[in-house]
Amino acid sequence: MSVIKVQGLSKNFGAIKAVDQLSFEVEAGQVYGFLGQNGSGKSTTIRMLLSLIHPSQGHIEIFGQSLTDNRSAILEQIGAVIERPDLYPYLTAQEHLTLFAKLRKQKITAAKIEATLTQVGLLSRANDKVQTYSLGMKQRLGIGIALLHDPQLIILDEPTNGLDPQGIADIRQLIKSLSKDQGKTVLVSSHLLSEIEQIATHILIIHQGKKMAEGPTSSLLDPNKTIVQIKTLDDVDAKQKLMASAYSTNLLERTEGLYLTIPKLEIPALNAFIVASNIDLVSLEAKNSLEDYFLQLTSTF
Amino acid sequence: MKKLSLLIVGICLIQAAAFAQTNPLIERVTKKLNLVNDYVATGVMKTDVAFIKASLGKVKVYFKKPNLLKVKKEGGISLLPKGGVSVTINSLLNNKQYIAIESGVQVFKGKSLQAIKLIPTDEKLDWVISTLWIDPVDALVYKTFTTTKENGTYEITMEYGQYANYGLPSKLVFGFNTKDYKLPNGITLEFGDEDPAAKQKALKQKKGTIEITYTKYVINEGVSNSMF
Amino acid sequence: MWPIIQIELFKIYKRPRTYIAFGAIAALILVIQMGLKIDGEAYAAFLMKDINDTLTVDGKVLNGYLICYILLQLLLVHVPLLVALIAADMLSGEANLGTLRLLFTTPYSRTQWVLAKFVAASLYTILLLIWLAFLALFLSMWIFGTDDLFLMKSNYVVLIQEQDVFWRYLGAFVFASFSLLTVAALGFLMSSLANNSIGPIVATISAIVFFTILSTLNIPLFNIVKPYLFTTHMNNWKEFFDIQVNDSNDAITGSILNVAKIKNSIIILAIHIALFVGASVWIMKKKDILS
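Protein chains in written order, with numbering that gives the first Met the number 0: chain A, 0 to 300; chain B, 0 to 227; chain C, 0 to 290.
Watch out, some of these pointers could steer you wrong.
[Stated by the list, open to error] Which bits of chain C does chain A cover? Going by a derived footprint, with three or more residues having C-beta under 8 Å, they are: (1) 70-83; (2) 92-105.
[To be verified] If you want a taste of the chain B side facing chain C, the calculated C-beta under 7 Å gives, among others: (3) VAL43; (4) ASP47; (5) ALA53; (6) SER54.
Read the hints as simulated data drawn from the structure, not as lab findings.
Since this is a predicted model, take the numbers as computed values, not measurements.
Just so you know, even glycine gets a beta-carbon here, dropped at the ideal spot from N, CA and C.
Please model the complete structure; the sequences and the hints are all you need to start from.
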């Protein structure tokens, strides 16, 4: 069953097309990674899913119901953290959770609030004002508010923004747990693709408002399109030699070095060519990750 | 010529002095007034000045010989003509520092009243001239018209009832001239529409009255000086 | 909708800015009361300079009722600015803070949120007015005592009996609540148009100042629009303190000179409130929450 079904979704801000004919489906229990560079239209799409932004065109169905017609019932089952963890600086974590508990139809007990504070690791600071919190603590509180009413769908927009490595690891663990242990559907967006590839079961890549790729995480990693990074002492010389070879059609040049897209099995042959061509090699590295794939899809070189 | 003028003035003064000493009507009025050493009167006061909106208020009037008088509104603010209340018949007649000149008979409210002009002989008194209209039958003053040095002219008319034997009126109306009243909007912070009717009235009417209708007198039972 | 009204009230209660207005009113009133307590007779003498040429005013002119009237005259011009501090920040402040998206992703509709916020801002405004009434009226009554209310207007003087004054203040405060709610609604409208705190507050204050100037200028061109400006009607609480007189020029106790004027002002202010709040709801429903 599709938890989210988006068809032909577009949003124009004046002449700018922020989202352009976007369609995708998120199935129950998936951790759906929503990838894109900054300004690619991720947040605009997520805000449309939460009815914060009115679509210029298209249709959104969540839990099999039209968002336009059943907004209230749908939002009752969604928990969301959108970009920055913006909260009321003059309220405490306890007060935040108590206030947002009132907004839900179901009765949320004091025990549940305490359990949520424990879950997000803020119990010891529950009565401190948010203005004294670090960014990571605010983000955890934002997630606490999103999870408080036990929603079926959790939407997290750039949840690891600004967090330290430990904070990022904590969030990653939490998302995995929500999906695996509690069977929740999670839509998570980020431009930190290294994070998403570790948690997402499915991925949608968006660029300039358009869908670039969509599918299970494993299927997006094609062994025949392995990106190889070549670091040399003299990139100009190396580039000339590679351009004169059969590798010229596969060559990508970026500021941080030279890249080739070749099947994984041809890497030893490439290594032999470099040695034979007297290129002053520093390192040769296969970058067979989602991030590299994402770069390949969206880079402008 | 100079001597003749002095002679005429001298004769006039002697005659006037003779009037003062011998005017029987004034004597009768004074005698009646002398029956009252003090009183506390209760009544209702009505203020009718074009630029004042005030409701009827209960007042107490305290009097003590020779000419102490105080009008007090019961538990409220009272508006009285400036210096006017002190110009009473008592204050005019009690000190006997005047020259009385009879100036004919006039009909007032159906009564034939003897008009008598009083000219003060003491320069320190704050009134310049006063005319009393007295009924020779009951020796009651029904009207006075007094010009003061600083506070303009006052017209007082009186009606009598059960306290007529003491020469005390049942109703007294002070008539006095009013000056312009105008406060800048900046002080009153009244920037809205003005009340055109009130403004019109204020401009036209330059006379005000304060009317006291007495309901009860308590006479000669003593009034403390602290009341004044 | 009660839960979200409660939430909005709780947030107002917890915000430090809320108390600025209460503190400012208390400070202003106490300073004026102290000044009048110390040197009030001179102030009264200055006011009564003209009337003292004709009449002697006997009694406690500078009593609590007159002090309250003086305070209201001064403060009801400035309190709108304090109301704007909160009302004009209700939507834009949250947009600026980023919390508006937290609220608008709850099951409650935007219309409900906007109305709840206006109700909360209105309750705040009314509480501010009650605070003002407590200090300006009751504290003045306690400090200065009570007596007849002797009011000097531009062209005439009104003397209202002591027992006829208190209900007039109740009426005046009810009227003033309409005036201040209009300001709150205007601030609210400005707030719906912006995503920062300062802009709507400044815009609201500027609008009040601008329209107040239009309302007080006696220029024929402006006179056409004056009857429809909310600022023309905001100060008509004073009508409760003008009294009818009968043919004998006796003031009629318990009367109000121009009841129709008060009714008309309340209707016009209520229309402004409805228009401002309605426009705010419409704008917020259409608005994309980008902050």
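Inset, instruction - Run the structure past the numbered hints and jot down the numbers of the failing ones, going up. - result: Per hint list: 1, 3 violated.
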